[in-house]
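Chains E and B supply the protein sequences, listed in that same order.
Sequential numbering of the first sequence, starting at 4, is according to the working numbering.
Sequential numbering of the second sequence, starting at 4, is according to the working numbering.
Just so you know, these hints were derived from the structure itself, not from any lab.
It does not matter which identical chain is used: a pair holds within one copy or between any two.
DMTMM-like, lysine to aspartate or glutamate: derived pairs with alpha carbons at most 20 Å apart: (1) 642 - 664; (2) 209 - 384; (3) 48 - 73; (4) 209 - 382; (5) 642 - 657.
Note that the structure is a prediction, hence the values are computed from the model and not measured.
Number of protein chains: 2
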Amino acid sequence: MGRHLLVNNETLWPFAACAGDDIPALNVLLVKQLPHPCINAMPDKRTIDELIPDMPVGPIDKYRKSATFDWKQMKMFLEGEDCIRYQNEIWDLLEKDPLFARSVGTVSVNEMRMLVFQRVKRLSEYYFLTQEKLLENPMVYLWFFSAIGLYDWALPTKFLLSTQFFGGTIRSSGSKHHLDLADQSDRMELIGSFSLTELSHGSNVKNMRTTATFDPETKDFILNTPDIEATKIWMGNVGKTATHSIVYAQLYTADGKCHGLHMFVVQIRDTKTLLPLPGIMVGDIGHKLGLNGLDNGFLMFNNVRIPRQSLLNKTGDVTSAGKYTTPFLDPEKKFGASLGTLSGGRVGIVSVCAGNLKICVPIAIRYSAARKQFGPTNDKEIPVLEYQLQQWRLIPYLAAMYAIEIFSKQFMKYYLELNIGTLLKSDAVYLAELGKELHAVACSSKPLTSWLARDAIQECREACGGHGYLSVSRFGEIRGDNDANTTYEGDNNVILQQTSNYLLICRENKQNGVQITAPMKTVNFLNDADTILKWKFQATTAVQCYDAAIALAAYKWLVCYQLKESADKLNKESSSGKDGFEARNDSQAYFARSLALMFIEHTVLQWFYDCVNDPAVPPGLAPVLKKLCALYGLWSLEKHMATLYQGGYMSGRDPARLIREAIVQLCRILKDDAVALVDVIAPRDFILNSALGKADGEIYKNIFSSIMKTPKVMERPDWWREFCNKPVQDSLRGKL
Amino acid sequence: MGRHLLVNNETLWPFAACAGDDIPALNVLLVKQLPHPCINAMPDKRTIDELIPDMPVGPIDKYRKSATFDWKQMKMFLEGEDCIRYQNEIWDLLEKDPLFARSVGTVSVNEMRMLVFQRVKRLSEYYFLTQEKLLENPMVYLWFFSAIGLYDWALPTKFLLSTQFFGGTIRSSGSKHHLDLADQSDRMELIGSFSLTELSHGSNVKNMRTTATFDPETKDFILNTPDIEATKIWMGNVGKTATHSIVYAQLYTADGKCHGLHMFVVQIRDTKTLLPLPGIMVGDIGHKLGLNGLDNGFLMFNNVRIPRQSLLNKTGDVTSAGKYTTPFLDPEKKFGASLGTLSGGRVGIVSVCAGNLKICVPIAIRYSAARKQFGPTNDKEIPVLEYQLQQWRLIPYLAAMYAIEIFSKQFMKYYLELNIGTLLKSDAVYLAELGKELHAVACSSKPLTSWLARDAIQECREACGGHGYLSVSRFGEIRGDNDANTTYEGDNNVILQQTSNYLLICRENKQNGVQITAPMKTVNFLNDADTILKWKFQATTAVQCYDAAIALAAYKWLVCYQLKESADKLNKESSSGKDGFEARNDSQAYFARSLALMFIEHTVLQWFYDCVNDPAVPPGLAPVLKKLCALYGLWSLEKHMATLYQGGYMSGRDPARLIREAIVQLCRILKDDAVALVDVIAPRDFILNSALGKADGEIYKNIFSSIMKTPKVMERPDWWREFCNKPVQDSLRGKL
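Produce the complete structure using the sequences and hints provided.
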């Protein structure tokens, strides 16, 4: 799909524009270290009530009253006063602004794109994301992104692409003479984009075939698309609105030598008329499975001449005489530097997936609390949330929503620390280690969370039955939008290999006597692999499994076991005569792929466990959080029980029985807290935008009212006369 | 959602209109029994080449040449000459007809509905589905349904609803004075629909709240919707086109007594103007997650008077004096007869899901054969189908496509036999047994196949990367359409309980000394449960697992084990003091629900196994079919390995290792046959309608060409002037 649907080369973003005066502020940030984003101080009750209004009274009150904890306290603890206040202010403004009024009925692709474009401009006018705020607390980046993303994911994507990433990349990869373009982008006088992916190449970026050949006579580069397979495709903004693009092309000098992929900033459309420039074929790739507010496009160059200065020349340049120069000796390193770290996009996607869980789970839980069907007698119906199957289908995703919420914020924090550190050029060895670990975590957490959100959305849709199939439920929209997350910034199955490779290298280093000391500590337990592999499943009752330590221990064993199995498999394939490429490819299914997923599930569980067991957790909140943590752990682990048995960690009838029993029981226990737990996390009704999931729980009134708002709902169709022309049966049958 | 989105009360359909003269023909059918629909005679080569044209030459020829079997022979064997000829003739006509030309770009909901309505009329003119053809071979019903469904699933749904089910139900549930309506429906002079589901009740049909109260003075029924929760909703055709509806309402006599749910045939719109009649509020429920060519609607009655004769009075009537009469003594039986068997809709859905597999799997396999990415060296890229992970993601669904294709046809055959037998009033005891078994198989095969198709579509979409996210891939459309299958005709999780209940009763009967002798033989092996439960996993090499008998034996053990566990669980819950309702509800997760799925997976595998091991299978086809069968079995079984270990069927490291190894190896072996295997099953390009899945394998040309056909693809947007009004950053920021 092109990892560039979203973003590229934002290495140092959101601090790309920081320089000079801002450095001291960043230093302060670094020295004080960012606090845990989900462990927040509790303000006084007046502040809490000011920031968190009461829930409306309605048919699901019964469940709100059955909660074992104070939901406002929980919200304050997990999100913190600053975040709640900031997001409230954004949402208050959007809710008042007619440009952000929710559409009724279906909206055409063209209209969707116009609306998103207008809204991007409006966001620029509101200017929520100031450098000042970012320096005060860099997490504001996430708060902003989520606040408008929960409204519509196409919006922050287009906003950041249009106002931030293009300028940021120019500032970090270009020279002084490029800065004017960055400033114009800031003011939206031009609209930027990134053109990397080609029709026939996505994952394999090195094999891109667009060329930029230097002509020493005219001092121009000639940009060319050799054939349709080299068409640049999938770039956000390029469909309708981009006037400029950063184009990745193979740089050729006049001597015919190829110097590899470089970035060129190219104007593609007139900045007054939006008409394409000569030699440029640019257009829209049309309707997609989601994110249709974003105009993805294609781009072809027919020997287009662009000035020498178009080259973003930090990693390589061509002199006016036509000689290629580069500060890099090793072309591989140059290539790496030119592409930059891709972690940023993946870290962002993890937050998007966390956001999608915050949409689908509240809708399904509230709906299930309000929807009644059947009962012990014909005249006494009970809410479907009372059924074991409904609990078992939904409550684990409620637990996962909490797990991923905590994980994604913590992960974003590490990412921001890495960027601040890089900008300040602090401890290089530490940052290199952090970068590698972060890459491994990003390459597995993007797959885990995008698949989790995918499955959660689908389960929630089905759990809401037919009404969930109405577009006013919003399930269709988020299913389509979330789907992209499994593919862009690297296909899930492909990038999982980056994680397993990292783990295999850790193991090799350890065997060579190097202690594992990773900054985020995700792999440090591998130092004790020999001991851990001797562990056995310990619980003898289901209640013992309510302690997440049981699942956590099983996961540690599982990762150690699977790592050893994967290493053995790779060795076996290699020693059978296969080369490295083949041996790695043939060690994926049931080995390296599973390993990467087990590792990241362990990490998510560990961070969840650490958070809920922190001494700062208010005593009123700890019990329910601990149950959620245990449920997430057991439910994730359940899918790997065959391996736990195979490797001897479990044996006999009991372990599987206890784990499954504990899952079902925890779902039942948490059922009474479920509505309050989604109240903590769900965005307000205006943002959630679901006829099934409104906070008042008046599902039938809300569905009926949504349907009645559809334009022409009770009108006959404009083609009603078609009905009068009756067909004559069999009048057209041929030889049949 | 209302099981009535599709159909209801079609008990005897497609033979509802059979009477008098047709009975002898039906008798012949019954006496000769329908042949196995997937074991067909081989005509001469000339006929084969006439019916099955060669595949176009292109970049995926390499894979076609690597096939180990003759794909035309396979197609002829599985589909048969009659079916291929019949479907070719339909597709030839549609392909020539401009009304069926594929749309380019996005189509509005209104336009989609108009097109589908016009196409329904055109199908009536073509008159493919004649009574004559049906009596010759009832399977023609399935051939017809699939041929037009693969084009667009909304089309056969609306066609059958409009031209068949309404009239059929009137003929089977009404009296002589209703027949005129049925005839009018045949001629499309009126458009019918079925109104059962209400806003607050779907699964629990008994609790519907629409009332029909008899007024002895005027001899009318007064039809009323007491409040918005009783709004009839989800009915196909009601949104825009239905003029009549069969409305389910609680029948009240003047003495205030309720006689339960009855069917009333009611005119809702004027048959000339399509405007609603007085007292009737009818409208469109708007955009859905799929099937938008079908206009689903809502319907409310404000004390609407309808004549006494509106009651479809076969199961109960009201005399003109206002006295209620019924041939049924037991109200429960009356209720059952009034609702009819719902199996028909579910059997149909299984075929729809089989059809969706025939769309998504060919697209992904052909795309993977053509798409190259990476390779052992930078300049030598290989097709992504060569990668172990891609094989492991897709080839099991290829095997499942064959498994479900064979299962769905065989299942439809049994369903047609049941209907013919019922119509002829043949052996009542046998038919009752067949009906119960068919219900159990329908209530589990609808869930299994709709979930399989759901997962297959998603995996295929992801396996095609970004290009799979383009709407021209068709993945979005079939994902949306297929999604309904998990819900309508009964929520998957809810109806699975019907299957587990059936199995638990079988077990109980057996324990009471009654031998199990089910007509389709799906449960007969339970007679040997005691012996089977002593079996252990036998294979000692992966190659041994290439024989599907290994997976089949494991499944027999698994079903017996899970049945015993589920019975024990139910007893435990009951003896803890819970009533039947509660005890059953609390025995679902990991018990009864898993049981029902294991049972149906076993049935699908058994029927696949029986078919591929039939002596009639041509020797050139048997080896590849047997491999597909083994792969389907092992891959399905793999998800249950934890239980196989738990119950002691497996132990130690080897069984899981062998099964997983065999899966990966079978995927690799079948990879060379994969393109030919989808050629056998895939509909022609016009029907498949995917830019990624065309038979020529020219993926880039086809994608590019599809994009270029989009209207206004290279035009600037009509709102381009928006770009000229630049936002002033920070001009609107309030107090933030």
